[in-house]
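Numbered by mature numbering (1 follows the signal peptide of the UniProt record, and there is no 0), the letters in the sequence shown go through residues -35 to -1, 1 to 488 in order.
Please keep in mind that the hints were generated in silico from the structure rather than gathered at the bench.
None of the values given here were measured: they were computed from a predicted structure.
A few of these clues could be false.
Said to hold, decoys possible - In silico lysine-lysine, DSS-like type, Cα no more than 25 angstroms apart, as pairs:
hint, residue 1, residue 2
1, LYS331, LYS396
2, LYS385, LYS421
3, LYS421, LYS179
4, LYS37, LYS396
5, LYS347, LYS322
6, LYS70, LYS428
7, LYS331, LYS347
8, LYS466, LYS415
9, LYS205, LYS155
10, LYS37, LYS347
11, LYS205, LYS239
12, LYS179, LYS155
13, LYS322, LYS375
14, LYS385, LYS396
15, LYS239, LYS183
16, LYS307, LYS239
17, LYS350, LYS37
18, LYS350, LYS307
19, LYS466, LYS155
20, LYS88, LYS70
21, LYS331, LYS350
22, LYS37, LYS385
23, LYS322, LYS307
24, LYS37, LYS205
25, LYS396, LYS179
26, LYS239, LYS155
27, LYS385, LYS375
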Amino acid sequence: MKQTNSTFSAQLKAVCRKTLLASALLCSFSMMANAQTQDGRDFSLDGFAAYEGTPGTNWYRVGGTTGGAGGKVVKADNFSQLQAYLQAADPYIVIVDHDITTGIKCYVDDLSTGRLLDDQSGKSGVESVYGERIMVAPNKTLIGVVNPTTGEAPLFSHITFVMQSVDNIIIRNCRFTMKGVPVLRTGENKIVAWRNGAQVEVGDPDCIGIQADKVSAKTDWGGHIWIDHCEFFNGGAANKDRYDGLLDCKNNVQWMTFSYNYFHDHDKSCLWGKGDSDVYENCRTISFHHNFFDQIEGSRLPLQRGGHVHYYNNYMRGCEDGWDIRTGAVAYEEGCYFEDTKSPIRSDRGGSLNISKAEGYDCIYKGCNNLMEGYANIDGAKISKSFPVTKTDWVPTQTTSSYTQHYLDKTVDVPAICEKYSGAGKVEIWKAYTSAIPMVDVSEFDHAIKNYSTAKTYDAEGKEMAGATTGISHTDMLAETGSSRIEYYDLAGSRLSAPQKGINIVRKVSLDGHVSVKKVIIR
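Work the whole structure out from these sequences, hints included.
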């Protein structure tokens, strides 16, 4: 649609109004109390991720999991910025306040299958966007900001976050999905990205994948990872193999806490241990608490091979096969509630389980089919099968005497607590990391591109960015490719011959007549 000068003037005024509104919102947010506390409940780090590790080993970290603490607080406004900051060698606390995709359009036969069409003109098929991969580097924090209008945290679509042999990562208050991610017509279900003018497969469609086999699974290590108050989902798949895991981890990755997350509408959720040989000594020490599994049609809640897991105050509803404790796995369960689920827990296939018998903190089953021996449904629902329990006496304090656990809620209260607090957008967290949401810092973005440590960065057209210094956000760099025209204005609406230091209004006109206006800061 073409645009008149009067329309553009109105847009400029709207941008300025939004700037004032954003400032007002920052002021209101600044009056929040402790951003890690809500309703008197403490949401700060606990569990294995808070543990420093064993002094003298490669996996010892003073202070436990600290993420990007000590690094700059930056805002990522688009995929290129998000990828650059998370892949950079420097520590960063990355703030995101809106949904992010690659933004590169593609056309598939149907979202349920995602098969890319040979004809990408858009004359047929269903519109989607290409996927991508972010190789998260050590010492990073990613924080989502709740939209004050919608009440939702930012959604990352078709982006797989891979943590390969790295440590010290925090991800909080974010949403993740692979729903509709494109795949090649003749290939496997692999994420397809658009890089340098070609379709490229970049990996399995996992939302988050944690692993340690960059050189060798026998020697590599990763850990000190906290994933908290996040939401994971897919749904609408043509078959169970359309998508992969929501939160998978394998190899020797230790000292992790996954807390207050919401997993729903998916098939195979969490695979912890690639196979029966992935059972390294002391591998995968995980605290898993106050997580909500809802309508998981398949399994892996999680499927645990090897490692030690403290599984407490989790809520499982309307699922099929639940927590499967297999080869070499050791676990301790406290205060979990299972409802309308086929097989909530089993430890009869090579794993071992210690179940709390403290009054008020034992398992509760309601409307479930297959239970462990000695248990019954509280609603009297008939049991189809009983699984024998392979027992252990392990508890987390045997691994570390300094193990911390903020809460152990009574089992009967778990459904209400998880429905209220589990997932993204339930608790505003960003204030714990910065007093104000930062502006986009173009010079810092350029530095991050040059300083990547794990992978290359791609711009909004899928072209590799080799660290060339620019004056504006790379989302607006399309003028150089001939696909659009870029114009610059000051806040009074006067046309500029070139971008100036400070706040600029950027007007982009695409060849199809589409016009977008945004505000950027030039340093």
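Now for the hints, and whether the structure bears them out:
1. Among the hinted pairs, LYS331 with LYS396 is inconsistent with the structure: their alpha-carbon atoms are about 39 angstroms apart, more than 25 angstroms.
2. Between LYS385 and LYS421 the alpha-carbon distance is near 39 angstroms, which puts this suggested pair outside the 25 angstroms criterion.
3. Taking the CA atoms of LYS421 and LYS179, the gap is about 16 angstroms. The hint holds against a cut of 25 angstroms.
4. A hinted pair counts as satisfied when its Cα atoms are at most 25 angstroms apart, and LYS37 with LYS396 qualifies at roughly 15 angstroms.
5. As the CA atoms of LYS347 and LYS322 are separated by approximately 23 angstroms, the hinted pair is consistent with the 25 angstroms bound.
6. Using a Cα cut-off of 25 angstroms, the hinted pair LYS70 and LYS428 holds, with the two alpha carbons roughly 14 angstroms apart.
7. Restraint check: the Cα-Cα separation between LYS331 and LYS347 comes to about 10 angstroms, which is no more than 25 angstroms; the hinted pair holds.
8. The hinted pair formed by LYS466 and LYS415 meets the criterion: a straight-line CA distance of about 22 angstroms does not exceed 25 angstroms.
9. The hinted pair formed by LYS205 and LYS155 meets the criterion: a straight-line CA distance of about 14 angstroms does not exceed 25 angstroms.
10. In summary, the hint linking LYS37 to LYS347 is not supported, as the alpha carbons are separated by about 57 angstroms, beyond the 25 angstroms threshold.
11. Taking the CA atoms of LYS205 and LYS239, the gap is about 18 angstroms. The hint holds against a cut of 25 angstroms.
12. Distance restraint check for LYS179 and LYS155: the Cα-Cα separation of roughly 19 angstroms lies within the 25 angstroms cut-off, and the hinted pair is therefore satisfied.
13. For a cut-off of 25 angstroms, the pair hint linking LYS322 to LYS375 stands: about 12 angstroms separates their Cα positions.
14. Taken as a hint, the LYS385 and LYS396 pair is honoured in the structure, with Cα atoms around 20 angstroms apart against an allowance of 25 angstroms.
15. Taking the CA atoms of LYS239 and LYS183, the gap is near 14 angstroms; set against the 25 angstroms cutoff, the hint holds.
16. For the suggested pair LYS307 and LYS239, the alpha carbons sit about 24 angstroms apart, so the restraint of at most 25 angstroms is met.
17. A C-alpha spacing of about 55 angstroms is found between LYS350 and LYS37, which places the hinted pair above 25 angstroms, so the restraint is violated.
18. Straight-line distance between C-alpha atoms of LYS350 and LYS307 comes to about 10 angstroms, which keeps the hinted pair within the 25 angstroms bound.
19. This hinted pair does not check out: LYS466 and LYS155 have alpha carbons roughly 43 angstroms apart, beyond 25 angstroms.
20. Taking the CA atoms of LYS88 and LYS70, the gap is about 13 angstroms. The hint holds against a cut of 25 angstroms.
21. Between LYS331 and LYS350 the CA atoms are separated by roughly 15 angstroms; this keeps the pair inside 25 angstroms, and the hint holds.
22. Among the hinted pairs, LYS37 with LYS385 is inconsistent with the structure: their alpha-carbon atoms are about 32 angstroms apart, more than 25 angstroms.
23. Note on LYS322 and LYS307: the hinted pairing holds, with a Cα-Cα distance of about 23 angstroms set against a maximum of 25 angstroms.
24. Between LYS37 and LYS205 the alpha-carbon distance is near 41 angstroms, which puts this suggested pair outside the 25 angstroms criterion.
25. Distance hint between LYS396 and LYS179 is unfulfilled; the C-alpha atoms sit about 35 angstroms from each other, more than 25 angstroms.
26. About 17 angstroms separates the Cα atoms of LYS239 and LYS155, which keeps this hinted pair within 25 angstroms; it holds.
27. As the CA atoms of LYS385 and LYS375 are separated by approximately 15 angstroms, the hinted pair is consistent with the 25 angstroms bound.
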